[in-house]
Every structure is written in C-alpha cells, then in structure tokens.
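Between the sequences and the hints, there should be enough to build the whole structure, so can you do that?
Protein chains: 2
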Amino acid sequence: MHGNVIVGQSGGPTSVINSSLVGVYKTAKDRGAKKVYGMLHGIKGLLDRQYVDLSEHIKSDLDIDLLKRTPSSFLGSCRFKLPEIKEGKEVYDKIFEILTELDIEAFFYIGGNDSMDTIKKLSDYAILISSDIKFMGVPKTIDNDLACTDHTPGFGSAAKYIAAATKEIIRDGLVYDYPVITILEIMGRNAGWLTAATALSKGEDCEGVDMIFLPEVAFDIDKFMAKIKGLNKNGKSMVIAVSEGIKVADGRYVFELTDHVEFVDAFGHKQLQGSAKFLADKISNELGVKTRAIELSTLQRCASHMTSRVDITEAFQVGGAAVKAAFEGDTGKVVVLERVSEDPYICTTDTQDVHKIANVEKKVPLEWITENGTFVSEDLIHYIRPLIQAELSPVMVDGLPRHLRLDL
Amino acid sequence: MHGNVIVGQSGGPTSVINSSLVGVYKTAKDRGAKKVYGMLHGIKGLLDRQYVDLSEHIKSDLDIDLLKRTPSSFLGSCRFKLPEIKEGKEVYDKIFEILTELDIEAFFYIGGNDSMDTIKKLSDYAILISSDIKFMGVPKTIDNDLACTDHTPGFGSAAKYIAAATKEIIRDGLVYDYPVITILEIMGRNAGWLTAATALSKGEDCEGVDMIFLPEVAFDIDKFMAKIKGLNKNGKSMVIAVSEGIKVADGRYVFELTDHVEFVDAFGHKQLQGSAKFLADKISNELGVKTRAIELSTLQRCASHMTSRVDITEAFQVGGAAVKAAFEGDTGKVVVLERVSEDPYICTTDTQDVHKIANVEKKVPLEWITENGTFVSEDLIHYIRPLIQAELSPVMVDGLPRHLRLDL
Chain P
1016 MHGNVIVGQS GGPTSVINSS LVGVYKTAKD RGAKKVYGML HGIKGLLDRQ YVDLSEHIKS
1076 DLDIDLLKRT PSSFLGSCRF KLPEIKEGKE VYDKIFEILT ELDIEAFFYI GGNDSMDTIK
1136 KLSDYAILIS SDIKFMGVPK TIDNDLACTD HTPGFGSAAK YIAAATKEII RDGLVYDYPV
1196 ITILEIMGRN AGWLTAATAL SKGEDCEGVD MIFLPEVAFD IDKFMAKIKG LNKNGKSMVI
1256 AVSEGIKVAD GRYVFELTDH VEFVDAFGHK QLQGSAKFLA DKISNELGVK TRAIELSTLQ
1316 RCASHMTSRV DITEAFQVGG AAVKAAFEGD TGKVVVLERV SEDPYICTTD TQDVHKIANV
1376 EKKVPLEWIT ENGTFVSEDL IHYIRPLIQA ELSPVMVDGL PRHLRLDL
Chain Z
1016 MHGNVIVGQS GGPTSVINSS LVGVYKTAKD RGAKKVYGML HGIKGLLDRQ YVDLSEHIKS
1076 DLDIDLLKRT PSSFLGSCRF KLPEIKEGKE VYDKIFEILT ELDIEAFFYI GGNDSMDTIK
1136 KLSDYAILIS SDIKFMGVPK TIDNDLACTD HTPGFGSAAK YIAAATKEII RDGLVYDYPV
1196 ITILEIMGRN AGWLTAATAL SKGEDCEGVD MIFLPEVAFD IDKFMAKIKG LNKNGKSMVI
1256 AVSEGIKVAD GRYVFELTDH VEFVDAFGHK QLQGSAKFLA DKISNELGVK TRAIELSTLQ
1316 RCASHMTSRV DITEAFQVGG AAVKAAFEGD TGKVVVLERV SEDPYICTTD TQDVHKIANV
1376 EKKVPLEWIT ENGTFVSEDL IHYIRPLIQA ELSPVMVDGL PRHLRLDL
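Sequence order for the protein chains is P and Z.
Here our numbering is used: the first residue of the first sequence is 1016, the next is one more, and so on.
Here our numbering is used: the first residue of the second sequence is 1016, the next is one more, and so on.
Be a bit skeptical, because a hint or two may be false.
[Claimed, not checked] Here are the simulated SDA-like pairs of lysine to any residue, each with C-alpha atoms no more than 20 Å apart in a straight line:
1) LYS1378/P with ALA1162/P
2) LYS1217/Z with PHE1095/P
3) LYS1049/P with ASP1068/P
4) LYS1305/P with GLY1289/Z
5) LYS1251/P with VAL1232/Z
6) LYS1217/P with PRO1409/Z
7) LYS1371/Z with ALA1340/Z
8) LYS1242/Z with VAL1232/Z
9) LYS1305/Z with PHE1095/P
[To be verified] Over the 12 Å line for every Cβ pair with chain Z, so calculated as not near, a few chain P residues:
10) LYS1109
11) PHE1111
12) ASP1132
13) ARG1204
14) ILE1399
[Stated by the list, open to error] Restraint ranges, calculated between C-beta atoms of paired labels, are given here:
15) LYS1109/Z with ASP1265/P: 54 to 62 Å
16) GLU1219/P with ASP1063/Z: 26 to 34 Å
17) GLY1245/P with ASP1076/Z: 39 to 47 Å
Worth flagging that the hints you see were computed from the coordinates, not collected in a lab.
Built from N, CA and C at the ideal position, the CB exists for glycine as well.
Shown next as structure tokens:
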C-alpha cells in the first residue's frame, strides 16, 4: 500500500501527453496508491490549490482509452518557471505545505526541458528540508530535444503526422503541368528533428521532398536561390521543407530578414512572417514562379487522429516507469528511453539524474545532415522510422474523433 | 458492347476526386467499354496528345482501393479555359480530331465550375458539327459551390477534416490558464460552406468555436473587435473561424486591408497576409492578448487520411452515373446529387443540363447564417452532418498512408 500521489502536465502539449497521464494514473492505482491527484495548469495551478481527484474524472476503461486519444493536456498546462531556491523560498514552502496537506508520497511532472527544471528544483529543495516526498520527471515534447534519452514521447506521433501530411502535400503540389514550388514550414526553433521527419515521405509511392533545411546548419540564402534556379530551369515542381528556426550565418532567423524593409502593420509594429512565407515570396518575386507557403502549425502537436502506436505505448510506459521508480524510493530523476535493439526495434525505460537533463537541448548531430546541408542522412531516417510505426485508431462518434474533456 | 471512353480531371484537387475516377473507370469497364483512356493534365494535356490507357495503371482491386485513398488528381490537373467557340474553332477541331483518332464514344470530365464550362462548350460544339460523342460532367469541389446539386463530392471529406482539426485545435487552444485567442482561417473565397463546417466541432466533448464568419455577410471589423473585447474581459480563451474570403462593407477582402500601410517586401511588392493573421495581429496589438493565426492550408483538400466514407462512396457513384447516362445516350449534362430523405440520409444521383451549372456559384443561403452574422444555424449543421459520416481507413504501410501514383 502506498500514500497519495499527484501528477501535473506542463509546457506545450502533444498528441500523447495524456497517454503518459494514464500511465501514471493506472500504474499508481495498480500499485496501491490511495489517491491520484491531478494538478490543474501544472505547478502554477497547484500554488492556487487547484487540483482534482483523478478517479472522479477517469471513470472507466473507455475513459482511459479516450484519454489516450485526446490531444493537448487533459489537466491544462502552464508556462511557469520556479524561482531559484535562494530567491523564492516562500514559493517552495507553499508548495511543500500543500503537498503535505494532501499527504503526497510522490509528485510526477510530465513535460519538456523547462518542466524538468521544476523537478530538479523541487527535489533539491526536498533534500534541503529533509522531506521524503519523491519527485519524478516524465518526459514529453514533440521537439525531441531532451538529453539522455533516445527520443521523447510525443516526437513519434508528430513525426508520423508530419510525414503523412507531407506525402499528401506532395501529391497536391505536383499535380499541375507548370512548376509550383511549395515551401513547407515545420516546427522546431533550434532543433531540426521534426523537419527531418519530412524525409520519411519518400518511398515507392512518393517522390519525397526535394530539399530539407534544419536550424543546425546556417542557411545560405544565395546558395538556396541558386539551387532553386537550377532545379527550376526544366520546369520542375518542388516541395521543400524548412524548419521555422532556420538562421543565416550572422545568427538572424530567416523570418527576421524582413526587418530590412518597411514591413510594419497599421499600428506601426514590425510584422514577422514565417520562414516559408518569406522564402516563397522571394522565389516568386525573383523567378516569377508560382509558389505556396504551408505552415503545418499547431496540428503538428495536437493531431491525435494520426498518432503512432509505438509513441502512445512508450508515452504510457514512461508514466508507469516513473511511478514504479518513485515507489521504489527514487527521486530527482527523469524516466528516459533506451533503444536496446535497432532491428527489431526494442526500447526500454531507465532513469537518469534530472540535473543531467534539465535545461539541456539536444540537437540533430551534424553527421546526420548531408554535407551540403540540403538533406538528412539515411541514418537519421532509420532512427525515426520505428517511432512512427502502427496506429491507434480514433474512436469515431458521429463522424468525428471522440475526446475526453475535463472542465478546467 | 461500347466503344472507347476518355476521362480527365481538372481544377483544384480534392481528397476524393480519384474515387470519381475509379467510378468512371470501373463502371465503363463493367458496362463493356473497350478502352478507358485517361487524359493527363486534363484537356490541356489532351491537346498535346498526352493520355494513358488506364488499364495499364489500375491493375488490381488493391490498386482501385489505393486510388480511392489517394489525394489530388491521379491523372494530373490543369487550369485551362477553352476559348469561346467562335473565337477558337481550331482548338475544338483539334480536340475532336484527337477524340476521333481514339475512337471515343464518351468523354468524362471531373471538376468544378470551370471544368463544367469545358463540358458545356464541347457538347455545344458536338451539336454544331453533328458529332455523336457524348460529353458528361462529373462534379467535384471541396467548396460545395456548384448549383443544382445538393452538395458536391469532395466537400464532405474536407468538412470532416476541418471539423476534426478544429476539435484538436480547440483542445490545444484552451489549455493555458491565461487567455489565448486563436483565429482559424478556412478555405472558400466566396462561399462559406467549408468555414461553416467548423460548427460541427461542438459536442458533448468539445466547446466548439466561439464565432464563425463567412464571406456571405459583410465583415464589420469594429463590431468584431468590440465583441472580442467583451468576451476577453473575463479572460476567456477563444477559437474563432473565419473564411479566407471575408470582406468589409466596401468590398475589400480583410487580407487586403494591409494595403493602407507600408506592407511591402524587399522587392517593393505589396505583401498580402492572410485574413486570420491580419485579425490576430490586430487583436494582439490592440488588446495585448496572446493570439495565434492558423491556416489549415491545402490539407483541407488533400488530407485523404481523414475522409468521409459517405463522400468517397458518392464520389464513386457520380462517376458511375455519368458513364451510365452517357451509354444511354445523354450528353451535355452533369451528374448531380439529390437528397431524397433527411432522416435517414438518402441521396441519389440525377443529371442536369450543363448550361444550368457551368459558371454559376452557389453560396450559403443567408437564412442559414445567424442574424448577427457571427455563427451558422442549426439547419446548416444538419445539412452538413450526414456528409461527414463514417470512414475509409488509410492502407498503412511502414507507418504511413499508402497512395497509388502515376508518373506524370
């Protein structure tokens, strides 16, 4: 028998972050937790004593299955960074006061880099005040930029959605008998993992994208234009994927290049357009070719109608592994995924010290980007491919995917 | 036994335009057509004698099922308007020369408004020169703006994708504990049918969109801002759907309002941003609220991973009905859909004179828009709902939806 536990979700949501929530909930229940509380809007809501008893909201096996298929954070989210311990002792005291009131044995936080910082600080503070509450991090981020883990839950489903959408956009983009140049903008400000997933579109039934540009390599706009000009000579239609975060050599984002010109709105504010729009306009203006800029936007992180079953399962597993570790006495750790076999793909969970993970950003290794910086290597494609495998079909009700909703 | 037939696809593609192609192909074969040719890039390709024998490319039942799940136009598309008959006699003579060479008994064209104009002119010309080649139009357009038909194949799947994506975007958009105003821009320059489909997002498990603005009603930007200000007072997060084609009272598109200001790029060209981006920037600047502009972009017409089975089936049926009608002697007609029962939903096919359909645009009736112009009526929701029902699951290969591709 165990005491009570509490779980929260934080940062940008994903398609599978609720599968981790279910993993925490179900494993804690199965292993004898008395109550499983959910904090609303993460640590920020907890500070206002906003929490629920999850048993009152997850009432059946059907609810669990709907929750696995519900995008975004069931418990709400926040973007809130705890102060440094020496600067905000009263915040920490309040949190521990609330946790003590609720008789909490273990605290789970599902999130990315910033959320792991919360686990780091809370577990450090627990040592300072000799509290035996356990603090465990459960990783999630579509960006796949967490250190010490083979990959992050959320990435596989985002990659699958992006690759599937790219295939469809390619079919649509190559349909005319005159050249159309489509620039596809993919999320990822500093790390190119998601943009790399467009490479998966290539196969027996699809031409794939023509070029891929990641933020890890400086974007050379003149070389880019020369390349496009060359390819366009024989009237070729193209689909090109760029990360939203591509930067020129002096460090400016491509979408900031509009700063040079009078790009202000009715209120005198400078307007930033996307990288894809900037490049599409430039090509259209300089080459007189029809172009199209497409941003996949937030659907990359919330298209739960197209998820990877591998990803959903792993998201559940990291939640469960966090509970198991905490109940066995671990604290100040993050569950990570370890790929123990490439073929067949086998991944297990392990734990790592949160100090090694919080605030570290993992980028695409340069050896996985082709030498001229216009595509990704086969190794990178092999790395991503197993993560997009298999599906968890939506539960369709009256023509649309069904979700489970908590009135926040 | 019948002679040869030829089929082409034209205009903007949809998720289900290939289901109509299969409907023509299979029905023609079943009813004894000798050869079924496919023109590449529509009438424009035909003028260059670009065509294929479809039997060489659709080789199995599996191919047929893949084709039903393949977005965009398998045969390629074109945007080509035939000249008026008296001004371009040589073009018509060339077309009829090629059709005669190929021993064509019937000609099928799958497309929207402009494509029906092609059928109108060719069938008129056939009368002029006493040709007995039959010309039949097969309707498709996501925009649902064709006259004389209850709805158009392609609309149901686009509506289903839009409604499903809207549900996901709402979950994502309402996750934080501070107000975020999301403006969702939906296709449809002059007709608001697709934007109206966002209303289907509302249900037991979803709050639905807060407001909907269609191009059929003049957009009052001051009233809009006042409404937003009012709703925002108590910190409410919102998701608002606007058609890309919303216009202010003097007839300018909302996305053209940036004309007032120095909104030019590095090359001195005026830049148009989207309606959603314009409104999101305006709200953010005037109210200091976090906003997000989302364009669903071309995925609205090519997301074949999320199609309506009703739509796919009807797309097949209109193709088949066109063949049946032509083989029974009809020409100069378009297959239309007739809703014979509302509950249960039953729809049959009929044919209409192409002169009644070509170049006519069907908009959303004003009685289906609420009086203050900020939402759609229950009647409109009831009209759309049956068209998004049931699914045709993608054939998933190695984690991604499989398509059938013709090397154009």
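Verification of the supplied hints:
no.: 1; hint: LYS1378/P with ALA1162/P; result: 9 Å, holds
no.: 2; hint: LYS1217/Z with PHE1095/P; result: 30 Å, violated
no.: 3; hint: LYS1049/P with ASP1068/P; result: 11 Å, holds
no.: 4; hint: LYS1305/P with GLY1289/Z; result: 17 Å, holds
no.: 5; hint: LYS1251/P with VAL1232/Z; result: 41 Å, violated
no.: 6; hint: LYS1217/P with PRO1409/Z; result: 17 Å, holds
no.: 7; hint: LYS1371/Z with ALA1340/Z; result: 18 Å, holds
no.: 8; hint: LYS1242/Z with VAL1232/Z; result: 16 Å, holds
no.: 9; hint: LYS1305/Z with PHE1095/P; result: 16 Å, holds
no.: 10; hint: LYS1109; result: 17 Å, holds
no.: 11; hint: PHE1111; result: 22 Å, holds
no.: 12; hint: ASP1132; result: 18 Å, holds
no.: 13; hint: ARG1204; result: 16 Å, holds
no.: 14; hint: ILE1399; result: 10 Å, violated
no.: 15; hint: LYS1109/Z with ASP1265/P: 54 to 62 Å; result: 56 Å, holds
no.: 16; hint: GLU1219/P with ASP1063/Z: 26 to 34 Å; result: 28 Å, holds
no.: 17; hint: GLY1245/P with ASP1076/Z: 39 to 47 Å; result: 43 Å, holds
The structure fails hints 2, 5 and 14 (numbered hints given earlier, in ascending order).
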